[in-house]
Amino acid sequence: MKRILVGIKRVVDYNVRIRVKPDGSGVITDGVKMSINPFDEIALEEALRIKERGGAEEVVVVTVGPADCQQQLRTALAMGADRALLVQADGVIEPLVTARVLLKLVEREQPLLVILGKQAIDDDNGQTGQLLAALWNRPQATYASKVELQEGSARVTREVDAGLETLEIDLPAVITTDLRLNEPRYVKLPDIMKAKKKPLDTLSLSSLGVEPRVQLKAVSFSPPAQRQKGVLVKDAAELVAALKQKGLL
Amino acid sequence: MSTRILIVAEHDGTMLNPSTAKCVTCARAIDGAEITLVVCAVNAAAVAAQAAQLVGVNRVLTVENPANEHALAAVLAPQIAALAGPYSHVLGPSTTFGKDLMARVSGLLDAPQVSDIMAVDSPTRFQRPIYAGNAILTVEVAAGSKVVGTVRTASFAAAATGGAAPIEKAAVNVELPQHTRFVSISAARSDRPDLQSAARVISGGRALGSAEGFKILYALADKLGAAVGASRAAVDAGYAPNEMQVGQTGKIIAPELYVAIGISGAIQHLTGIKDARTIVAINKDGEAPIFEVADIGLVGDLFQIIPEIEKLI
Ligand SMILES: Cc1cc2nc3c(=O)[nH]c(=O)nc-3n(C[C@H](O)[C@H](O)[C@H](O)COP(=O)(O)OP(=O)(O)OC[C@H]3O[C@@H](n4cnc5c(N)ncnc54)[C@H](O)[C@@H]3O)c2cc1C
Ligand SMILES: Nc1ncnc2c1ncn2[C@@H]1O[C@H](COP(=O)(O)O)[C@@H](O)[C@H]1O
Numbered sequence: 334m335k336r337i338l339v340g341i342k343r344v345v346d347y348n349v350r351i352r353v354k355p356d357g358s359g360v361i362t363d364g365v366k367m368s369i370n371p372f373d374e375i376a377l378e379e380a381l382r383i384k385e386r387g388g389a390e391e392v393v394v395v396t397v398g399p400a401d402c403q404q405q406l407r408t409a410l411a412m413g414a415d416r417a418l419l420v421q422a423d424g425v426i427e428p429l430v431t432a433r434v435l436l437k438l439v440e441r442e443q444p445l446l447v448i449l450g451k452q453a454i455d456d457d458n459g460q461t462g463q464l465l466a467a468l469w470n471r472p473q474a475t476y477a478s479k480v481e482l483q484e485g486s487a488r489v490t491r492e493v494d495a496g497l498e499t500l501e502i503d504l505p506a507v508i509t510t511d512l513r514l515n516e517p518r519y520v521k522l523p524d525i526m527k528a529k530k531k532p533l534d535t536l537s538l539s540s541l542g543v544e545p546r547v548q549l550k551a552v553s554f555s556p557p558a559q560r561q562k563g564v565l566v567k568d569a570a571e572l573v574a575a576l577k578q579k580g581l582l
Numbered sequence: 004m005s006t007r008i009l010i011v012a013e014h015d016g017t018m019l020n021p022s023t024a025k026c027v028t029c030a031r032a033i034d035g036a037e038i039t040l041v042v043c044a045v046n047a048a049a050v051a052a053q054a055a056q057l058v059g060v061n062r063v064l065t066v067e068n069p070a071n072e073h074a075l076a077a078v079l080a081p082q083i084a085a086l087a088g089p090y091s092h093v094l095g096p097s098t099t100f101g102k103d104l105m106a107r108v109s110g111l112l113d114a115p116q117v118s119d120i121m122a123v124d125s126p127t128r129f130q131r132p133i134y135a136g137n138a139i140l141t142v143e144v145a146a147g148s149k150v151v152g153t154v155r156t157a158s159f160a161a162a163a164t165g166g167a168a169p170i171e172k173a174a175v176n177v178e179l180p181q182h183t184r185f186v187s188i189s190a191a192r193s194d195r196p197d198l199q200s201a202a203r204v205i206s207g208g209r210a211l212g213s214a215e216g217f218k219i220l221y222a223l224a225d226k227l228g229a230a231v232g233a234s235r236a237a238v239d240a241g242y243a244p245n246e247m248q249v250g251q252t253g254k255i256i257a258p259e260l261y262v263a264i265g266i267s268g269a270i271q272h273l274t275g276i277k278d279a280r281t282i283v284a285i286n287k288d289g290e291a292p293i294f295e296v297a298d299i300g301l302v303g304d305l306f307q308i309i310p311e312i313e314k315l316i
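Read top to bottom, the protein sequences are chains A and B.
FYI, the numbering for the first sequence is 334 to 582, going by this note's numbering.
FYI, the numbering for the second sequence is 4 to 316, going by this note's numbering.
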């Protein structure tokens with residue numbers, strides 16, 4: 334079966350103002366709104382569109398994380414994913430561990446394509462897609478803004494610093510999404526009801542034979558340096574004068 | 004393990020990218036570092052000569068292969084991994100080139116990656132921004148592990164030139180994949196300074212209203228010798244090309260002067276400009292969050308103010 338695997342991470346919603354705990358042990362996540370990582374919503378949307386065009390038959394979403402992540406997986410099912418896998422793991426999961434889990438699932442599910450976000454907006458690591466591609470020894474096309482499937486290959490346009498780069502990659506492969514790839518659909522109420530009946534399986538790290546290794550220890554968290562509040566000028570002339578005074582003009 | 008650092012040079016075949024000199028400064032902040040720069044190219048001579056001049060670099064390795072014509076991570080990563088053996092650290096810039104490549108290297112080496120290094124506390128301890136820069140994480144890499152890292156270029160000054168490191172050819176015998184092929188790149192050629200290294204940057208937001216509207220920024224930028232940037236909203240709306248986007252998901256920059264025009268100042272945008280020396284904001288809404296970080300603010304209509312500024316300089 335032509336299948337697409339999509340990685341979904343549950344993260345603090347991008348609208349939440351992040352605060353570091355006073356004791357520096359982390360950021361405050363109690364009671365804040367959690368959502369699907371925005372890049373992963375785009376990954377799922379792309380997978381669904383490929384399926385709708387007949388390029389795939391099944392879209393499977395996967396999350397590595399605590400039981401609470403079921404909520405985001407249900408949302409993904411309501412968006413249109415066919416089934417969901419929760420690989421239950423508590424605590425911090427490092428990108429190399431996530432990539433190993435994804436590799437195990439790739440071996441089981443034999444997808445045509447794995448689509449992930451280019452980065453998770455909590456840890457901002459931006460590694461998992463490349464790590465999986467390395468471990469799997471398959472192509473990677475990161476920062477995708479356009480994906481065209483062909484027979485056995487894909488053409489992917491990537492947002493790079495210099496502009497837009499197009500690659501041709503053989504399938505199976507890993508693609509990571511950039512924000513302009515598509516605009517994710519809204520979930521409709523009847524779909525939420527339907528999603529309750531879709532399969533959501535829970536697995537454990539040990540059943541996959543993956544060890545939750547910790548190679549990166551978080552020592553402390555601190556708030557970023559604050560910029561001093563500046564001055565307001567009243568017109569263009571004052572602005573130019575202020576810049577000249579600072580030696581900037 | 005002694006501290007030997009391998010830095011992957013970013014270049015376009017003829018010019019060394021300024022991001023590499025910033026990686027050198029980051030590497031020099033690691034105690035007792037011995038620094039090797041590697042240039043993978045078809046013909047590496049010109050780039051290697053520039054790399055050899057960076058002060059602090061102990062030697063430059065060149066890896067020449069026709070397969071290195073375009074910087075494909077799948078092709079470069081096995082070559083870097085093959086060279087990585089004797090090194091304690093393997094670093095690259097946090098540009099799209101470095102982010103794409105280094106994590107693949109990390110996977111091949113089974114070594115953890117520290118992304119976006121903004122400060123070095125010790126050879127195994129680093130600071131990096133998380134949550135779009137709203138928190139700073141200090142992270143310790145497990146003892147005995149190789150460290151792969153990407154360097155947040157806005158956090159480090161460029162290493163000076165004037166050095167003369169020896170250049171050596173390295174032989175790398177690894178099979179390179181054929182599964183990834185370069186097709187094309189469309190890069191808007193511009194005579195303006197490069198956004199990532201410019202001393203002055205003028206950025207426009209949604210308020211510019213159209214690609215036509217952006218022209219008044221270009222005119223001002225040309226007068227100031229500035230690069231032009233854009234908010235994501237402006238890029239999404241098609242007013243400016245994607246390579247001009249500044250912010251969490253665009254470019255992270257640290258110019259002497261940053262002028263935000265008709266940009267509200269969303270956290271994702273501010274992440275990209277935090278290290279600018281002086282921030283100027285022009286916005287008609289005095290409550291816009293951009294004024295919380297601006298050194299100099301001017302409340303008013305940009306379409307009236309920009310022509311006035313142009314006349315005054
Ligand atoms: C995961 C994620 C990543 C993101 N990454 C980025 C990123 O990298 N970079 C980025 O920029 N954004 C990013 N964003 C988007 C960000 O949240 C904002 O939506 C965006 O920055 C808003 O752009 P803007 O300020 O141009 O538009 P708006 O927020 O619409 O602001 C327009 C401003 O112009 C002012 N204005 C209007 N008319 C005039 C006038 N005539 N004269 C003067 N002022 C005027 C208004 O008062 C307003 O403040 C990201 C969002 C997400 C979810
Ligand atoms: N715990 C996770 N579960 C599922 N997918 C993940 C997880 N962590 C990361 N990913 C995927 O990998 C992408 C990049 O994440 P990161 O490397 O952590 O920035 C995300 O956008 C997801 O698609």
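Honestly, the hints are just simulated from the structure, not real lab data.
Please note: incorrect hints may appear among the correct ones.
Claimed, not checked - With a cut-off of at most 30 Å between alpha-carbon atoms, the simulated DSSO-like pairs for lysine-lysine come out as follows:
#, chain 1, residue 1, chain 2, residue 2
1, A, Lys577, B, Lys172
2, B, Lys226, A, Lys562
3, B, Lys277, A, Lys354
4, A, Lys567, B, Lys149
5, B, Lys172, A, Lys567
6, B, Lys218, A, Lys567
7, A, Lys577, A, Lys562
8, A, Lys335, A, Lys531
9, A, Lys384, A, Lys550
10, B, Lys149, A, Lys562
11, B, Lys218, A, Lys577
12, A, Lys562, A, Lys384
To be verified - Beta-carbon label-pair distances, calculated as ranges:
#, chain 1, residue 1, chain 2, residue 2, range
13, B, Ser125, A, Gln578, 49 to 55 Å
14, A, Lys579, B, Ala190, 31 to 37 Å
15, A, Arg350, B, Glu259, 45 to 51 Å
16, A, Val365, B, Ser125, 28 to 34 Å
17, A, Asn470, B, Gly289, 30 to 36 Å
18, A, Lys579, B, Asn46, 43 to 49 Å
Stated by the list, open to error - According to the in silico footprint, chain B covers these stretches of chain A (three or more CB under 8 Å from chain B):
#, region
19, 389–402
20, 505–517
21, 544–553
22, 569–578
Don't be surprised by glycine CBs; every beta carbon is placed ideally from N, CA and C.
**Prompt:** What hint numbers does the structure not satisfy?
**Reply:** 1, 4, 5, 9, 10, 12, 13, 15, 17 and 19
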